[in-house]
Amino acid sequence: MRADARKNHDHLLVVAGAAITEQGVDVSLRDIARRADVGLATLLRHFPTREALLDALLRTSFDELTAKAGELETSSSPEDALVSWLRDCVAWTTEYQGVTELMAAAIEDTESALHASCVTLRAAGTRLLIRAQAAGKARSDIDGTDLFALVAALAWLGDQPALAPRADRLFEVVASAILTSAGCSDAEGEHRRPTRTRG
Numbered sequence: 003m004r005a006d007a008r009k010n011h012d013h014l015l016v017v018a019g020a021a022i023t024e025q026g027v028d029v030s031l032r033d034i035a036r037r038a039d040v041g042l043a044t045l046l047r048h049f050p051t052r053e054a055l056l057d058a059l060l061r062t063s064f065d066e067l068t069a070k071a072g073e074l075e076t077s078s079s080p081e082d083a084l085v086s087w088l089r090d091c092v093a094w095t096t097e098y099q100g101v102t103e104l105m106a107a108a109i110e111d112t113e114s115a116l117h118a119s120c121v122t123l124r125a126a127g128t129r130l131l132i133r134a135q136a137a138g139k140a141r142s143d144i145d146g147t148d149l150f151a152l153v154a155a156l157a158w159l160g161d162q163p164a165l166a167p168r169a170d171r172l173f174e175v176v177a178s179a180i181l182t183s184a185g186c187s188d189a190e191g192e193h194r195r196p197t198r199t200r201g
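Heads up, the sequence shown is in my numbering, so the first residue is 3 and it goes up one at a time.
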């Protein structure tokens, strides 16, 4: 990509990120183009669909969360690693209103631009869950798909103004439900740290 094209590409991502943070993932592409001071055709030349734009915008965060899972596998106890990653995942998904619905749909749609990133993210969480289960620290009757769904559910709470004040406490409830009694005592301090919610 030429330097000027890369500059336009990066500028569009910055503007899109701000617009989606303010208005959610359903923000008009035309509005994003207007904010970026370019024509809609220019935006579509870089990102032909809404999902392509979102994939480019979110891929760095997906990659960071996936890398974080790998780091936690070697640096933290199984229960602390699982809860820490879950907390980070929920905190990230609350930054963009509506992204959880897109992720839930994309993981089942192999044609979605977000599909590969979502599958990779789910696999990262699944590895942490299996590790905690093998150590007897997490309940054995849930799988990676359940964990992915819980991330979406907890992030949804943070998106609801009337429920957002309860999000931190409910995160603790869910984290305690995932862990076995042994895991709860070891990770208690970890999962009582508050999650981030959008202001």
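If you're looking for bench data, these hints aren't it; they were derived computationally from the structure.
Treat the hints with care, since some could be wrong.
Simulated restraints on C-beta separations [to be verified]:
no. : residue 1 : residue 2 : range
1   : A137      : D6        : 48 to 54 Å
2   : G138      : E113      : 38 to 44 Å
3   : L42       : A118      : 46 to 52 Å
4   : V16       : A125      : 40 to 46 Å
5   : E24       : V121      : 27 to 33 Å
6   : A137      : K9        : 19 to 25 Å
7   : P50       : S142      : 41 to 47 Å
8   : A69       : G138      : 43 to 49 Å
9   : R141      : D111      : 16 to 22 Å
10  : A166      : T44       : 33 to 39 Å
Glycine included, C-beta positions come from ideal geometry on N, C-alpha and C.
Hint check:
1. A137 - D6: 48 to 54 Å: 52 Å, holds
2. G138 - E113: 38 to 44 Å: 40 Å, holds
3. L42 - A118: 46 to 52 Å: 27 Å, violated
4. V16 - A125: 40 to 46 Å: Taking Cβ atoms as reference, V16 and A125 lie about 29 Å apart, which means the hint is violated.
5. E24 - V121: 27 to 33 Å: Since E24 and V121 have Cβ atoms about 29 Å apart, the given range 27 to 33 Å holds.
6. A137 - K9: 19 to 25 Å: 48 Å, violated
7. P50 - S142: 41 to 47 Å: With Cβ atoms ~44 Å apart, the hint holds.
8. A69 - G138: 43 to 49 Å: Since the Cβ atoms of A69 and G138 sit about 27 Å apart, the hinted range of 43 to 49 Å is violated.
9. R141 - D111: 16 to 22 Å: For D111 against R141, whose Cβ atoms are near 29 Å apart, the range 16 to 22 Å is violated.
10. A166 - T44: 33 to 39 Å: 36 Å, holds
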